[in-house]
Every structure is written in structure tokens, then in C-alpha cells.
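Novice: Model the full assembly from the supplied sequences, consistent with the hints where possible.
There are 2 protein chains.
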Amino acid sequence: MKLTHANTDVLNTLTSLRGEADKAYQELKDRNLSLDLTRGKPSVEQLDLASDLLSLPGVNYTTSDGVDTRNYGGGDGIMDIRALWAEALGVDPALLIAGDASSLNIMFDLVSWSHTFGNNDSERPWSAEEKVRWICPVPGYDRHHTITETFGYEMVTVPMTEQGPDLDAVRELVKDPSVKGMWTVPVFSNPTGWTVSREVAEGLAAMETAAPDFRVVWDNAYAVHTLTDEFPENIDIVAVAAEQGNPNRFWAMSSTSKITFAGAGVAFLNSSEENLDWYRGIASARGIGPNKVNQLAHARYFGSAEGVRAVMRKHAGILAPKFTAVTGILERRLGGLGIADWTTPSGGYFISVDVVDGTAARVVELAKSAGIALTGAGAPFPYKDDPDNRVLRLAPSMPPIEEVEVAMDGVATCILLATIEAAEAAGE
Amino acid sequence: MKLTHANTDVLNTLTSLRGEADKAYQELKDRNLSLDLTRGKPSVEQLDLASDLLSLPGVNYTTSDGVDTRNYGGGDGIMDIRALWAEALGVDPALLIAGDASSLNIMFDLVSWSHTFGNNDSERPWSAEEKVRWICPVPGYDRHHTITETFGYEMVTVPMTEQGPDLDAVRELVKDPSVKGMWTVPVFSNPTGWTVSREVAEGLAAMETAAPDFRVVWDNAYAVHTLTDEFPENIDIVAVAAEQGNPNRFWAMSSTSKITFAGAGVAFLNSSEENLDWYRGIASARGIGPNKVNQLAHARYFGSAEGVRAVMRKHAGILAPKFTAVTGILERRLGGLGIADWTTPSGGYFISVDVVDGTAARVVELAKSAGIALTGAGAPFPYKDDPDNRVLRLAPSMPPIEEVEVAMDGVATCILLATIEAAEAAGE
Numbered sequence: 056m057k058l059t060h061a062n063t064d065v066l067n068t069l070t071s072l073r074g075e076a077d078k079a080y081q082e083l084k085d086r087n088l089s090l091d092l093t094r095g096k097p098s099v100e101q102l103d104l105a106s107d108l109l110s111l112p113g114v115n116y117t118t119s120d121g122v123d124t125r126n127y128g129g130g131d132g133i134m135d136i137r138a139l140w141a142e143a144l145g146v147d148p149a150l151l152i153a154g155d156a157s158s159l160n161i162m163f164d165l166v167s168w169s170h171t172f173g174n175n176d177s178e179r180p181w182s183a184e185e186k187v188r189w190i191c192p193v194p195g196y197d198r199h200h201t202i203t204e205t206f207g208y209e210m211v212t213v214p215m216t217e218q219g220p221d222l223d224a225v226r227e228l229v230k231d232p233s234v235k236g237m238w239t240v241p242v243f244s245n246p247t248g249w250t251v252s253r254e255v256a257e258g259l260a261a262m263e264t265a266a267p268d269f270r271v272v273w274d275n276a277y278a279v280h281t282l283t284d285e286f287p288e289n290i291d292i293v294a295v296a297a298e299q300g301n302p303n304r305f306w307a308m309s310s311t312s313k314i315t316f317a318g319a320g321v322a323f324l325n326s327s328e329e330n331l332d333w334y335r336g337i338a339s340a341r342g343i344g345p346n347k348v349n350q351l352a353h354a355r356y357f358g359s360a361e362g363v364r365a366v367m368r369k370h371a372g373i374l375a376p377k378f379t380a381v382t383g384i385l386e387r388r389l390g391g392l393g394i395a396d397w398t399t400p401s402g403g404y405f406i407s408v409d410v411v412d413g414t415a416a417r418v419v420e421l422a423k424s425a426g427i428a429l430t431g432a433g434a435p436f437p438y439k440d441d442p443d444n445r446v447l448r449l450a451p452s453m454p455p456i457e458e459v460e461v462a463m464d465g466v467a468t469c470i471l472l473a474t475i476e477a478a479e480a481a482g483e
Numbered sequence: 056m057k058l059t060h061a062n063t064d065v066l067n068t069l070t071s072l073r074g075e076a077d078k079a080y081q082e083l084k085d086r087n088l089s090l091d092l093t094r095g096k097p098s099v100e101q102l103d104l105a106s107d108l109l110s111l112p113g114v115n116y117t118t119s120d121g122v123d124t125r126n127y128g129g130g131d132g133i134m135d136i137r138a139l140w141a142e143a144l145g146v147d148p149a150l151l152i153a154g155d156a157s158s159l160n161i162m163f164d165l166v167s168w169s170h171t172f173g174n175n176d177s178e179r180p181w182s183a184e185e186k187v188r189w190i191c192p193v194p195g196y197d198r199h200h201t202i203t204e205t206f207g208y209e210m211v212t213v214p215m216t217e218q219g220p221d222l223d224a225v226r227e228l229v230k231d232p233s234v235k236g237m238w239t240v241p242v243f244s245n246p247t248g249w250t251v252s253r254e255v256a257e258g259l260a261a262m263e264t265a266a267p268d269f270r271v272v273w274d275n276a277y278a279v280h281t282l283t284d285e286f287p288e289n290i291d292i293v294a295v296a297a298e299q300g301n302p303n304r305f306w307a308m309s310s311t312s313k314i315t316f317a318g319a320g321v322a323f324l325n326s327s328e329e330n331l332d333w334y335r336g337i338a339s340a341r342g343i344g345p346n347k348v349n350q351l352a353h354a355r356y357f358g359s360a361e362g363v364r365a366v367m368r369k370h371a372g373i374l375a376p377k378f379t380a381v382t383g384i385l386e387r388r389l390g391g392l393g394i395a396d397w398t399t400p401s402g403g404y405f406i407s408v409d410v411v412d413g414t415a416a417r418v419v420e421l422a423k424s425a426g427i428a429l430t431g432a433g434a435p436f437p438y439k440d441d442p443d444n445r446v447l448r449l450a451p452s453m454p455p456i457e458e459v460e461v462a463m464d465g466v467a468t469c470i471l472l473a474t475i476e477a478a479e480a481a482g483e
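Chains as they are written, first to last, in my numbering: chain A, 56 to 483; chain B, 56 to 483.
Derived by calculation from the structure, the hints in this document are not laboratory data. Among these hints, one or two may not hold up.
Restraint ranges, calculated between C-beta atoms of paired labels, are given here [as the list claims (entries may be wrong)]:
1. B:T117 <-> A:G121: 29 to 37 Å
2. B:E142 <-> A:R86: 40 to 48 Å
3. B:E298 <-> A:G358: 34 to 42 Å
4. B:E142 <-> A:E100: 35 to 43 Å
5. A:E298 <-> B:R335: 26 to 34 Å
6. A:K423 <-> B:D120: 25 to 33 Å
7. A:G128 <-> B:A224: 30 to 38 Å
8. A:G358 <-> B:A224: 54 to 62 Å
9. B:G130 <-> A:T70: 29 to 37 Å
10. A:E100 <-> B:G130: 44 to 52 Å
Chain B stretches covered by chain A per the calculated footprint, using a threshold of three residues with CB under 8 Å from any CB of chain A [unchecked claim]:
11. 93–102
12. 148–157
13. 340–353
14. 376–389
15. 418–432
Bear in mind the structure is a predicted one, so any value in this text is a computation, not a measurement. We put the CB at the ideal spot given by N, CA and C, even for glycine.
Specialist: As C-alpha cells, then:
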């Protein structure tokens, strides 16, 4: 947002608050805090929900269809977990592969293998293209950007809206045959918490792309991660793509990382039969199959798709108060001043705050000096470059709620002070 | 081996045995067997050794140095398993990364990332080279060959000897700057069971290579997989390479796949600091870290390096009789005839049999018709092409010993019959 959006009264008010803000900031520093709102990690309390998993699968190592999970083989993963997860997400288990713990691993490999070999719709490997461009809805997920940056792709941004990536902007970009793909987090997106609407999903599925091998990475990391009593609509994006005549459009991932254990869960790839066959062809050169014992442990732990939802309600019970604390403090301290906008997600792991243009990095700096670690300004943008120096990503999941409250009150002070500094500089 | 190696008496004897061999083969077929000697997989009895692991790590999820294994992070893996495994293998834990289950995954990624980005000693990515050639000691491991074939590298063979890859042949090949790497299984090699001597190891470490980014993949899959009371000498190949002035020469892997659960163990990468830093740089774009819960479960299961050895003695107790059965039957049925040579490994998972040139595929075919599945002739060679049609790979670990005995007696009959056919054809 622009400072000029704040009216003259607000500007005057801000300037008059300088002394008060300085005092509040000095008091904040004097507390010698050491708090951290940077990490989208589950808290110990959340991890404790899955304690039973630490002793699973237990003595019975056989799947319900008779597979000994301890031995080699089974590149698609075991059907027990595939069927359960497919039901939880509302997708076709035959088009769902269960892998090791990390969906990020799968995304990297899909890009890497398209780069080296081309994918099943490629005329040539992406590495043989003069240039590869990649659409990044912003603000977005930093680790997505890291992958495409690693492969030297030119990242082009489109605005993320409350309905999903700006469809007109995307449609314009995909007329360029060098545009090979697009990142998206469709549900409770990182960091805004926004969810792609069915209309936008259908638009992405239906649109014509100049590149025949264009892919949308549909990173459904927060598919069931509600903060309320309600679960989001699950769009079976692979089915939607088939209906719209572009069956190979999406590579869809999900995982249990923020449901059971972060880094020790089960990750999934859902896509068309052709896409999966291409993936299997290379995956089977890379290895003999995923960790089926861990998959069976997860199937036993959840029991059913309803078991997944039951666990998620418990997570919501822990997380929702932290999110409420964040938005409540922002509202109380900054509401009505016209100097900050923030999202109020009903799921996911992050809250995104728009501060006055040019001040985000200063807020992070002020917070750091006061012992409050915030994600670096720019982190949700390709090349870590927020062109407006505007967006803050807040991650309240990890610290105890008392710390979230103290930290957020401090952050509000830092936003206020940074804005006043900017107002003064503008007035000079 | 060549049929002419068999003396005239043997040739006459063979021809005179035709009727008897035909009868034996017919009887074999009449048994309607369904036996399988193709798979280098542990048996159920072996997998049962690790039953305790199915309920580990148990309620205590914290490493001895205080890491909560359930959350994200720790790209190098946990120190508990790294220290234990480093001691078991006699390597430096600081140069040992613990990953997910599959060392094959690590090998594929090392080649893939050298291909796309170049490794830390590359002048350019391997994909930018006009041609990449790769040394394959033969007979060797088919899944190694699949990786280099996937990347389109030209595989050139050197003989595997009882002391390791033929060093003179290797030294000659590495004068070519397009030769970028070499596969090797240093201990109880697949499929011969032979082990690289210290002298050959030092030679590989010391030799000059035209390519500055040449790498030996030191796939120590059977490092502790003895069939006797004794464990093989563990060569700390990364230290040897440093001593010889080529610290980055080796990428060394190992895993617990055939110690605990195949496909659900822990895999390791041991290399120089520079090599590991390069690997970490890309691995950290690919993901957030390995499954630390499974690593902790393994550390608890083994308890110590001596715990690893104790488990391996139990494996030897199960496997050794099967190996003895194989070599015993070969000796009893074919010994002294000069028509087959076989290895008598003191460790590992395979036995390699040289039959008369031109007959290996026929032996596999005859066995198949009699209900005995053997690994395809040619499998241990690049492009699955055994130029002499000579080598059979036998894998006796998976079936119960009674089945191994029946199958091997049948295999001996097939070898005999195929040789007689060849002798008759030669006499025509």
C-alpha cells in the first residue's frame, strides 16, 4: 500500500505519535526478547498429536492387500495409504503415487527431469530451449522460487488474488512458448492463506498454452489444513484438467508433513496416467521404491480418511488461537490507520501483511534489533525481491501462543515506527 | 570360457551324456517348478531379524544431542546414526551424510546434478560436453548401468578381477577427458563377490585423470555383509583419496537396505568436504532434510557399531548355507568338467557363473521352460549385452534353502544340456 492512501489526518496523527512510538520501541528492546515468527514449522504440541506413529506400524508389517512392506519394490507406494489419502483429497487413487516424505523432492525431480529429458509432451528437453520462463504468483512460496532459480529459469510474476492467480495475467503469459510452467499453492496458499476458486482452477485447466509441455505445479500442501470446523472444497484438479481437454496440465502434490511429522511423513503425486508413466520411467532408474514401512505406519495411524480430518481438527484447535492472536493484535494496534492490510486465513500456516510501500525491510530490521525474528522482506518473491518492499510473511505456528502475542505486539510497534519514519521522510 | 578349453575327452563325454541330460531335463520339467533365483532381496527370515524396528523409535523422539527428529531440518541427518555408522565403516562422521532409504537415489542425483550443473570440479555441466563416457567394470550391477544409460553416457567396460577393476585398463581410459566417471562396488561386488584390494583402491585414488571432475562411484552396498565370522577390511576411501592428492575423487555410498529393511533403511553419502558442500547446495533446493525419525529408529535398533556387526552375523547364519548349497551343487554336478567357473563369495548377495561362451542365454531359456527364473543373461553388462553370452548371475538370498537346492540342481542340468548342445553344434 502507498502512504498516500492514508489521509492527511492519519499522516498528522502518525507524525504526532513519533515520541510515543519511540518510547514503545525502546521498551520493547529493553525486554531483550528472543522470539521467532519465521518458520512454517509445526509446534511441539502439534507433533505430539502423532505420538502413536513413533511405534507404528508395529509387529504387523503386511498391507491389507498382502504386501510385505519391509522388502524392495512397489514404486507407486502401498494401496492402503494411496486409497485413504485419495479419499481424504477426493481424487482417484489410481492416479495417486505415494512416495517418501517430501513433496518438494518430487517437485524438484519433475522440473529436473523435464530439464534434462523433456517431459512426455516436450519437443525437446527444457535445457535445450533458448530460454525457459516460469510463472510465479506473488506473494508465493520461497522454496518454489529456489527450485526454478536453481535451474536458471526466468521467473515472471502474476498477482495472487483471493480467487487464485490472476487468470488474465496468466493467460497472457502462456501465449509465450518459452513459458513452461507455473507454481501454485491452491488451498490456503503460502503466505496469503487464499484458496484457488473452482472458476480459476477451470480457467487454468482450459487455457491454451503455446508450450505443449506447459505444467502447473499444483502444490496442495495445505489441502486439509483448516483453522475452522469446515474443510475446504477439494477440487480434483486432474479430473478438471481432463474435462477441459488438457489432461496433462497439472502435477499435483500433497503430503502429511504438517499433519504427522514434518520431514518424516508421506508425500504424494497426483497426475494423469501419461504424466505418471513418464515420471515412473525415470523414478524407476533413480530407485527401487519408496519407504513402504512408513507408509503403512501412516495408514495405521490415520485408519481412514475421516481419521485424517479428525487429526486436522486437533491441529486447528492448537493453531487457530495463534492466528486469532496475530490478526487480533494487528487490528487492535493498527486497525483503521490505513497503514497495513493483512489476510485473515481460515487455514494454512501463514498470514501475509502488506505494509506501506518501502517499509517492509525496515520493519524486519527494527524487529530483529528488538529480538523478534521475522522472515526476510522479499522472501515470498522470486529472487527474494519484493519490488514494492511491501510484504511481510508471518508464521505463528511454532512458538507458544504467549510468545506469539508478545512478538506480534512488538511487530505492530515496529510497523508503526517504520511507517512514521516513512511519513516523516515523505514530509521532508 | 571357451568350449575348446574343455579337452577332447570332455567333449566326447559331453556328447555321450546327451541322452542322460535330456532325460534329466525332462524330469525337471515334469516337476512343474516355480522357483526364482533372480532377485537380490533379503528373505523373510532375514527381515524378521529387524522386527523391533517396526515399533521404533518409540516414545522418545529426541536424539542424544537434543534434536526433535519429528520436525523439519537437519540436511546432514542426525549425528546418532552418522556416528554409529561411521564407526561401523571406519570413516569420518564429519564427512558422512545420512539420508533417506536409498543409496541408489543419491547416486542418481549425483550424476543428474553433475549433468545439469556440473560438479564442484567441472569446467561445464556434463550435459554441455560433446560426449560423456563412463567406465563399467564387468560383470557389474545392472542398476548402475541403467543410470548412466538414462543420461545417454557411453559405457565402456573394464574387466572386474578378484582384486577389483583392472587398474591398467582404467588408467588407460581416464586419459580421455570425456571419461567422467566409473561405477564400482568395492566390497563383495555384485555379482562376483570380489573385493577391491587396498592396492587397487590406492591406484584409483592416485591415478591422473584427464577430466578434472572425474568421479568414482564407490557403492559400498555390502560393506559389512560377510558370510563368515570375519568382516572385510574397511578402506576409508575418502581418506585414501586425500592422501593420494585427489580428495574429491570418490563419491562413496552405503546403506542399511540389506541389514534392516530393504527400501526402508537409511542410506549414506561419504565424500570430501568440498564434494559434500556441492551436494548440500543442490540437495537443500530439493528438500528440507531426510527422514530423521527413521534414522533415530535405526540408531536405537543397532545401539552401536558392534550392534551392526551382531546383526550381520545373524544374516550370515541365514545366508551362508544358501551360498554353500549353490556352490556345492555346482561342484558336485559340474566340477572338473571344465564347462563352468563360478565365484565362491565370502560376502554379498550374488554368485557369478561363467558358462561356455555363447550358452548363457540358452541356460536361462532352458531354466525358464523348467519353471526356474534366472536373471537374464547379459544383465550384469551395460546395455544388457554380454558380448560373450557367458555370465550368469545367481541370487540365492530370497528363496528358502530347500528351494535354492532344487533350483540349483535344475540350473546345473540346464548348464549341462546347453553345453552339450553347443558341443554338438561345434562338432557338426
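Novice: If a hint holds in the structure, say so; if it does not, say that too.
Specialist: Against the structure, the hints come out as follows:
1. B:T117 <-> A:G121: 29 to 37 Å: 36 Å, holds
2. B:E142 <-> A:R86: 40 to 48 Å: Once the Cβ atoms are compared, 46 Å apart, the range 40 to 48 Å for A:R86 and B:E142 holds.
3. B:E298 <-> A:G358: 34 to 42 Å: Violated, since B:E298 and A:G358 (Cβ atoms, about 56 Å apart) do not stay within the stated range.
4. B:E142 <-> A:E100: 35 to 43 Å: 36 Å, holds
5. A:E298 <-> B:R335: 26 to 34 Å: Taking Cβ atoms as reference, A:E298 and B:R335 lie about 43 Å apart, which means the hint is violated.
6. A:K423 <-> B:D120: 25 to 33 Å: 28 Å, holds
7. A:G128 <-> B:A224: 30 to 38 Å: About 35 Å separates the Cβ atoms of A:G128 and B:A224, which means 30 to 38 Å holds.
8. A:G358 <-> B:A224: 54 to 62 Å: 58 Å, holds
9. B:G130 <-> A:T70: 29 to 37 Å: 48 Å, violated
10. A:E100 <-> B:G130: 44 to 52 Å: With Cβ atoms ~25 Å apart, the hint is violated.
11. 93–102: holds (count 5)
12. 148–157: holds (count 3)
13. 340–353: holds (count 10)
14. 376–389: violated (count 0)
15. 418–432: Answer violated; 0 residues pass the 8 Å Cβ test.
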